[in-house]
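For reference, the chains in residue letters:
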Amino acid sequence: MAQIDRRDFIKIMGLGATATAVSGLMSKQLVAGSNVQTRPKGFYSLPVKGGVKKGNVRILHLTDVHGQLNPVYFREPNVNLGVGDAYNRPPHVVGKKLLKAMGLKENTPESYVYTYLNFEKDSKRYGKTGGFPQIKTLLDSLRAEAGGRQNTLTIDGGDLWQGSGTALWTRGVDMVEASNILGVDVMVGHWEFTYKENEVLSNVALFKGDFIGQNVRVKEDSLMSDTYATFVEKYDGSGLYDEDSGHAFRPYVIKEVNGARICIIGQAFPRTGNANPQEFFPDWSFGLREEDMKELVAQIKEDEKPDAIVLLSHNGMDVDIKMAERVPGLNAVFGGHTHDGMPKPVKVKNVDGHTCLVTNAGSNGKYIGVMDFDIQKGKLNSIDYHMLPIISNWLKPDPEMSAYIKQMRSQKYTKDIVESRRKDAFYNPKRLGKSFEEILSEKLAIADRNLYRRGNFMGTWDQIICNALREEYGADVAMSAGVRWGTTTLKGDWITMEDVMTQCALTYGETYVSEMTGKDLMSVLEGVADNLFDPDPYLQSGGDMVRVGGMDYSIDPSQKIYFRITDAKLDNGHVIEPNTRYKVAGWATVNRTPKGRLIWDVVRDYILRNKDTDNILYLPKINHPTLINVNHNPGIADYPGKSS
Amino acid sequence: MAKNSIKIRAKLKGDVVTVKALIKHPMETGLRKNKKTGKMIPAHFIQNIMCENNGKSVMNAEWGASVSKNPYLSFKFKGSNKGDTFKLTWTDNTGKTESNEVKIK
Amino acid sequence: MLDRRNFLKSSMGAGAVAIAASCGILTPISVSAAWNKAAFEAKTMDVSGATASDAIKIKAPDIAENGAVVPVTISTTIADAESISIYTEKNGTPLTAVFNFGDMTEAYASTRIKMGKTSNVVAVVNAAGKQYKAHKEVKVTIGGCGG
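Residue numbers (the working numbering), protein chains in the order written: chain A, 1 to 644; chain B, 1 to 105; chain C, 1 to 147.
This is chain A alone, in the form it adopts within the complex (with noise of 0.2 Å):
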């Protein structure tokens, strides 16, 4: 959003909201069909235990929509390794013996929407899931069980203001306004920080609840610039809230609840700055910073005296549960990050020996964490956690959401969109004209089989991201980042633009090809090995391993950085030689911008050329790696590669 004033657009979008929320009420059907499942009774009803009385706070916890305003078919993992501490502990646990641990069954709504289980069939007895219309339907509904708004909170992990074309478009003001019209309260931050700044800081202030993090700091120099001071200025001193800290946002919040007192620290994810483009957020840094959030923790006890003290974080839940360990007084840790739907919390003691109880409420509008306070005269009687996961055909969509999402899919694509870094391709002159629905709204080819990205390795819509790379550069090898975002489309259904950007879109899609060495192609695989599989999960960046088509490997998880890939081989049999050169194709760099197209396109192209004549996609082949040492792994299940 270059040229046009941000606070205009906000402006229009929000007026036609409320001019169609007036006539037009979707009115959703049933999917057709003789096996549609049809919500049980009191599904969705969750009483507060014993009858609200003042003292009860329910915490309701959303994280990781990644944009997705509408419903989508979202597939859990078969293969989510736990090492270290983490093994076979939730949510390193998949299939029938997450099932287990849990206390569910199979063949049922839970079975469903927490597993990869049955998801072919399952998918059409259950449909989509998520939306916001069904979600904000669910929380007024949850809201009303507890009294009434104002007995609640609504929270919000972050990793909401990216993962479409919409949010790309409108630089995540669409997720903003749909946040603000969600009643989110507090929220923390990731991919929310891969606007520039003067964005972020403009939807901080568009945002009606409280951005907050303890570990967003502003750089050293940049306090000591008056050029700092200025720019925030303008954002009523938005991202400098405290000089002597240094801290960009307000760390924590307390909120006054139905007569009792509870604190929210925010917790961004520790590892942006290496995981996404600093040139973003030149004045910020993150990191974990565990050493001031039990400083932080300690002060608010001795200051705020609140009855309870909860963290939203961003951590990814491997972190949650390590840092609930060290840092003593949070009694509860909202996580999300590494979209792990957990149906229940994980127990966690403490250095202190008190418990504390870490939950991660998946992604994509999937579930919502509810969790229930019982305080009396400052003591904390207990907490109750439940998850309800969003089966978007069993709620009835909020006509209000439904007429903004209309709205603002109506918005025209102009000349003052900005979709990458470079600025010669702010802007597609083919798109020029059209409204974002039209756009995305584009049928591209019909899927040859489920067409899904979460998993520790390769997924079939990264096939076809990979394939695309390679065909665009005549690449012999194409890398795409394990981001754990991305939907599902189903085998049969067509692909659209719209499950395109769904996949790719970021602020810095553009693609390059490049000449690698054998060895150096080993070690960024190894590199990106280890930020996964380092049994130490403060030295884990919470993504999935790099989609690497085009080539096959064997990874041992178990071993030690430099010795857990082997056998590395091109599609054509060529083993990779270390001083071989090879042309490797890629996407979403994080430290320069390269001067190819950008990904949605290369991707979109490659579908239409290759689809056959009746418009199926064909996948020739998936670059599963084989994997090494893990089938005693309760982390995976029904691998469609070789393992042992």
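Warning: the hint list may mix true and false statements.
[As the list claims (entries may be wrong)] Derived pair list, reagent style EDC-like, types lysine to aspartate or glutamate, alpha-carbon separation capped at 20 Å:
#1 B:Lys3 to A:Asp221
#2 A:Lys294 to C:Asp62
#3 C:Lys117 to B:Glu28
#4 B:Lys13 to C:Asp103
#5 B:Lys20 to B:Glu98
#6 A:Lys105 to A:Glu120
#7 A:Lys54 to A:Glu256
#8 C:Lys139 to A:Asp534
#9 C:Lys117 to C:Glu137
#10 B:Lys105 to A:Asp244
#11 C:Lys57 to A:Glu291
[Stated by the list, open to error] Counterexamples of contact, computed for chain A against chain C with all Cβ distances above 12 Å:
#12 Pro40
#13 Lys124
#14 Thr227
#15 Glu325
#16 Glu438
#17 Glu510
#18 Arg609
[Stated by the list, open to error] Partial list, derived from the structure: chain A residues whose beta carbon lies under 8 Å from chain B:
#19 Glu220
#20 Asp221
#21 Met224
The set of hints was computed from the structure by calculation and includes no laboratory data.
Since we're looking at a predicted model, the values are computed, not measured.
Note that CB positions come from ideal geometry on N, CA and C, so glycine has one too.
With the hints as your guide, set chains B and C onto chain A.
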């Protein structure tokens, strides 16, 4: 006159002064090649820092070339009052020296 | 207020020990300070003469956001701490910085250091003729995208 290479903030809170200083300096290790010419860039880094409060030394430091470019330094001392003059002086391996002073706030 | 003469004397006192462990020290040559060339150019780190101590706190990131600029803050509750030396173990010349304190100065120093690769940051504190040490590993890594 060229802008001073040293930025200092010295704040008194309770009885402790916290000093934060930022110095513009390349801190070249002597191990880096100039990408254009292929020649080694000679070592050029600050070796000594002297900090004085009203003329009396409170802290001094010796640095190697592993201190980052545009060095940052923070430390704390007692026994100072608002309005005292705090002075920081650096000397690098080429013998160049520069100083700046501020009043304690 | 700190007496400059005493300050220099006290650093010298610690100096004898410091040299043995190749810690940099302040040796007063006229008004300007000296630079311990031998210590700063040493290719290896020897802190074997120092006792490991929990009373030294090293604040540094677990993972560097930028290996060229790694913020490090050292503080200690050890009484009469006269100096703090910072080593970056895996750097070509490990000794990175030495901070010498006057007796009104807190045993606290914060700076930013360069790290070529994953390494221990080692802090050595001189106090009353003795040396204490602590270390923390900082990982220097490639990106690694997340969820």
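Here is how each hint holds up against the structure:
1. B:Lys3 to A:Asp221: holds (16 Å)
2. A:Lys294 to C:Asp62: Roughly 16 Å between the alpha carbons, so the hint for lysine 294 (chain A) and aspartate 62 (chain C) holds.
3. C:Lys117 to B:Glu28: Holds. Lysine 117 (chain C) to glutamate 28 (chain B) sits at ~18 Å (cutoff 20 Å).
4. B:Lys13 to C:Asp103: It holds: about 19 Å lies between the C-alpha atoms, which stays within 20 Å.
5. B:Lys20 to B:Glu98: holds (17 Å)
6. A:Lys105 to A:Glu120: holds (18 Å)
7. A:Lys54 to A:Glu256: Given that 20 Å is the threshold and the Cα spacing comes to 12 Å, the pair holds.
8. C:Lys139 to A:Asp534: holds (11 Å)
9. C:Lys117 to C:Glu137: Given that 20 Å is the threshold and the Cα spacing comes to 11 Å, the pair holds.
10. B:Lys105 to A:Asp244: With a Cα-Cα distance of about 13 Å, the restraint between lysine 105 (chain B) and aspartate 244 (chain A) holds, given a limit of 20 Å.
11. C:Lys57 to A:Glu291: Roughly 10 Å separates the two Cα atoms, so the pair holds.
12. Pro40: holds (31 Å)
13. Lys124: Holds: least Cβ distance 27 Å, greater than 12 Å.
14. Thr227: Label holds. Min Cβ-Cβ 18 Å, cutoff 12 Å.
15. Glu325: holds (15 Å)
16. Glu438: holds (31 Å)
17. Glu510: The claim holds: glutamate 510 (chain A) sits with its nearest Cβ about 15 Å from chain C, beyond 12 Å.
18. Arg609: holds (28 Å)
19. Glu220: With a closest approach of 5 Å, the glutamate 220 (chain A) hint holds.
20. Asp221: holds (6 Å)
21. Met224: Hint holds; methionine 224 (chain A) Cβ to chain B Cβ min 5 Å, cut 8 Å.
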